[in-house]
Amino acid sequence: MKKVHQKYFFSSIKNDFSRLLAIIIIVFLGVSFLIGLMQTGPDLQKTTDRYLRNNNAFDISLVSENGFTENQKDELKDKILAINSNAKISGEMSLELDAKINSDPLYISLNYQENSDVNKLVLLDGRFPQEDNLNECVVLGDNSNTYAAEINDIIEFDNIDGRKIESKIVGKVKSVKYISKNQIISPQTSRQINSVAFFFTNFMPSNPLIPTYSSIEVNLNLESNYFNSSYKEELNDFLKKFNASIDQDDINEIIVLEREHNESIVLIKNDIDKIIKVSAIFPLFFFLITVLVSSTSLSRIVSKERFMTGSLKALGFSKAALLKKVTLYSLISSLIGIITGIIVGIFLLPYVICILYQTLYCIPNLIFGFNPVIVLSISLITLITTISIALIHELSLLKEVPAQLFLDKAPKPGKKIILERIKPLWKIIPFRFKSMFRNIFRFKKNLIMMIIGVGGSSGLLLTGFGMSDSITALTKTQYKEILKFDLIAEYKEGVDEKDSFLNDYFKEGVDVAYYSGTSINGISEYHYQLIGSKEEKINSYINLDDSLKNESVIVSKQLFDKCKMKIGEPSKFVIGSKSYELKISGTTTNYIGNYVYIGKNIMEENNISINSYLGNLNDYSEEVLDKLAKEEVIKNLFIPKRQLTLYENLLSNLSYIMLILIGLSGLLLITIEYNLVDINVSERKKEISTLKVLGYQKHELTLYIFREIFVMTLMGLSFGLLLGFLFHHFIISSLNSPGIVFGTIISPLSYLYSIILTIVFSLIVTFLLTRKINRIDMTQALKSNE
Numbered sequence: 001m002k003k004v005h006q007k008y009f010f011s012s013i014k015n016d017f018s019r020l021l022a023i024i025i026i027v028f029l030g031v032s033f034l035i036g037l038m039q040t041g042p043d044l045q046k047t048t049d050r051y052l053r054n055n056n057a058f059d060i061s062l063v064s065e066n067g068f069t070e071n072q073k074d075e076l077k078d079k080i081l082a083i084n085s086n087a088k089i090s091g092e093m094s095l096e097l098d099a100k101i102n103s104d105p106l107y108i109s110l111n112y113q114e115n116s117d118v119n120k121l122v123l124l125d126g127r128f129p130q131e132d133n134l135n136e137c138v139v140l141g142d143n144s145n146t147y148a149a150e151i152n153d154i155i156e157f158d159n160i161d162g163r164k165i166e167s168k169i170v171g172k173v174k175s176v177k178y179i180s181k182n183q184i185i186s187p188q189t190s191r192q193i194n195s196v197a198f199f200f201t202n203f204m205p206s207n208p209l210i211p212t213y214s215s216i217e218v219n220l221n222l223e224s225n226y227f228n229s230s231y232k233e234e235l236n237d238f239l240k241k242f243n244a245s246i247d248q249d250d251i252n253e254i255i256v257l258e259r260e261h262n263e264s265i266v267l268i269k270n271d272i273d274k275i276i277k278v279s280a281i282f283p284l285f286f287f288l289i290t291v292l293v294s295s296t297s298l299s300r301i302v303s304k305e306r307f308m309t310g311s312l313k314a315l316g317f318s319k320a321a322l323l324k325k326v327t328l329y330s331l332i333s334s335l336i337g338i339i340t341g342i343i344v345g346i347f348l349l350p351y352v353i354c355i356l357y358q359t360l361y362c363i364p365n366l367i368f369g370f371n372p373v374i375v376l377s378i379s380l381i382t383l384i385t386t387i388s389i390a391l392i393h394e395l396s397l398l399k400e401v402p403a404q405l406f407l408d409k410a411p412k413p414g415k416k417i418i419l420e421r422i423k424p425l426w427k428i429i430p431f432r433f434k435s436m437f438r439n440i441f442r443f444k445k446n447l448i449m450m451i452i453g454v455g456g457s458s459g460l461l462l463t464g465f466g467m468s469d470s471i472t473a474l475t476k477t478q479y480k481e482i483l484k485f486d487l488i489a490e491y492k493e494g495v496d497e498k499d500s501f502l503n504d505y506f507k508e509g510v511d512v513a514y515y516s517g518t519s520i521n522g523i524s525e526y527h528y529q530l531i532g533s534k535e536e537k538i539n540s541y542i543n544l545d546d547s548l549k550n551e552s553v554i555v556s557k558q559l560f561d562k563c564k565m566k567i568g569e570p571s572k573f574v575i576g577s578k579s580y581e582l583k584i585s586g587t588t589t590n591y592i593g594n595y596v597y598i599g600k601n602i603m604e605e606n607n608i609s610i611n612s613y614l615g616n617l618n619d620y621s622e623e624v625l626d627k628l629a630k631e632e633v634i635k636n637l638f639i640p641k642r643q644l645t646l647y648e649n650l651l652s653n654l655s656y657i658m659l660i661l662i663g664l665s666g667l668l669l670i671t672i673e674y675n676l677v678d679i680n681v682s683e684r685k686k687e688i689s690t691l692k693v694l695g696y697q698k699h700e701l702t703l704y705i706f707r708e709i710f711v712m713t714l715m716g717l718s719f720g721l722l723l724g725f726l727f728h729h730f731i732i733s734s735l736n737s738p739g740i741v742f743g744t745i746i747s748p749l750s751y752l753y754s755i756i757l758t759i760v761f762s763l764i765v766t767f768l769l770t771r772k773i774n775r776i777d778m779t780q781a782l783k784s785n786e
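Here the sequence shown stands for residues 1 to 786, numbered as in this note's numbering.
If you are wondering where the hints come from, they were derived from the structure by calculation, not from laboratory data. You may find that some hints are simply not true.
Simulated restraints on C-beta separations [claimed, not checked]: (1) Val122 <-> Leu752: 46 to 52 Å; (2) Ile281 <-> Glu233: 25 to 31 Å; (3) Ile523 <-> Tyr751: 34 to 40 Å; (4) Leu425 <-> Leu714: 15 to 21 Å; (5) Ser230 <-> Asp546: 42 to 48 Å; (6) Lys630 <-> Glu508: 18 to 24 Å.
We treat Cβ as the ideally placed atom computed from N, Cα and C, and that holds for glycine.
Put together the whole structure using the sequences plus the hints.
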């Protein structure tokens, strides 16, 4: 008896191999995708934190307008060590200079530190300087946006305190302060920095270029991962004690800058946060679809075994023995999918995404993590769901006596469908389409599973394409359709409203007020820029939802929603050291940053003065921008095209990840549809064989089945487009953050791509299963079990 059961078990696996393989693939996709994306974010966080920790990245940077003398630095060092004895402190001097390499004019950031305890440099090529002077240096490497200097090149610094300095490049390094590979823009001058030179951190030049330290870099050796909330708690605890210790001292006014003030570190932190948010939503839905389809498919394989179950039951096999077969069937297919999914999810997907990140960030190879709670939870949910549903169906079969099981399950009785009740329409429908519609609604289980499977997969496709649209809106729409000017040039204090030299640069423009705001209605999380103009032509440079008029106070929608504003009511704006009560007149769409736009009358009533010029340049080039930034009267430049490049680079990783999601969704769609159609064909062998006997040709049989499949695919697609629309909006709302608002509109092309791909995948399934339909054995299928 035992051998009979084993023989039957292995023959069942052989006969159902294609469907079991499909179930394995479905489980594999769901598990690997969910575990992979859920693990990628923490792995990248752990990798980045280890890189920052191993190279003693600063936790705080102390700066002062007048810099720090040696005595002041030592005094601050003592205070810091008194609070945290494990802290590392290093004074840093930095200076931005015009220089030349190979006769090429460059703008270079020159840096040297008291020691290598903080912001340690990692040597990529060559060696570190070995002299206590400025004769040798290393330069920042591993960044395609900096000048391609080579070892042994000479940097020429001219007219520094009357000195001409030449420094030989002896090595290339990477620095934790420049973890991003984006263009480096000076926060002081708004000029593009072409290269960053470092002097050996174990030596101080005997004749330094700067008499005081520009900053004091402090690594606190905190225990918590930088990306955890506990890190912030530890840091705040230190800062509270530190601020108390310097309240009564005569040290220059100190500004404490945290890591969040380093743009490079903030970029990677925000980028990883976006991955974590996507992984918390998108793959979970993907996983639920796979579990539902795989478990239902298993249950239908079990239901197909009516005759064999009746035979084994008649031979005296116990209920436990019969349930054992079903359990093993489900267990094997699920376990293979789960185990392979775990391996790929833990190692392959995070590795691929890390490679994408290394194109934008200087991070080492990925540290692979393993979260046993997540892995075990996902594995158990998959196993329990698939096995339970299969067992429930087997138990329902075992309630019947063998004589009933030897008979095929009675077909569902025919019922009138809605189309039949519309008699004028029903009369003109050809017979082949009448039978198609009747079959579709007669086999409701097939219809429901096709709608769920195809709809869920096509919905994920549309979501992936929609996310790409949202990323495009975030960059191109913001900097090409909303902000339609080249730059804003902010004057230094005391400069008149439009200095004549601007005519040499601008072909057109308008005087504006341009100020940074820190809070609205007491909410300081959302920083913003105030732009005011006394001229209506400002509307030709900034595309607002409503034109800016004399009485206008227009705010970006995120500010309006998050800062508790109401149209027609005043809100309190804090800009610099002043506060203003401004009555809101309208809102406008904005994707990157937040803005408040005010008209002429509002400016005059609140004494808000012109301090900048906004417009388009005669000749837009890096050389012109660099020349303009050098002008004595210029305090700062805001250049939208540079921001466009920055965010395009930042979001390119997210775009690649969306492509991975689209590819996996397409593969899931093919697998699910193949599995469901395969089961559908197997359940209707007798019907298909009858049609063969009646004289249907091969192509007619194929069309008979796949007309139904195509219509069900279209029904599932309709459901999927609605689901994708809702799901896209749900994900977008979770990805938005202060100053970042993703677009919510899905382009018509994305709908078209989703429709075409779904139909193409359906045709692929048709092609794969055509041979199976044509190879059905009529004699075997029409045999009676009675």
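These are the hints, each one checked on the structure:
Restraint check, Val122 to Leu752: a C-beta distance of roughly 48 Å satisfies the suggested window 46 to 52 Å. Here the CB-CB span from Ile281 to Glu233 is close to 27 Å, well matched to the stated 25 to 31 Å. For the hinted restraint 34 to 40 Å between Ile523 and Tyr751, the CB-CB distance of approximately 37 Å keeps it satisfied. Take Leu425 and Leu714: their Cβ atoms lie about 18 Å apart, and the range 15 to 21 Å holds.
At about 45 Å, the beta-carbon gap between Ser230 and Asp546 stays in the expected band of 42 to 48 Å. Evaluation of the 18 to 24 Å hint for Lys630 and Glu508 yields a pass: the beta carbon distance comes to about 22 Å.
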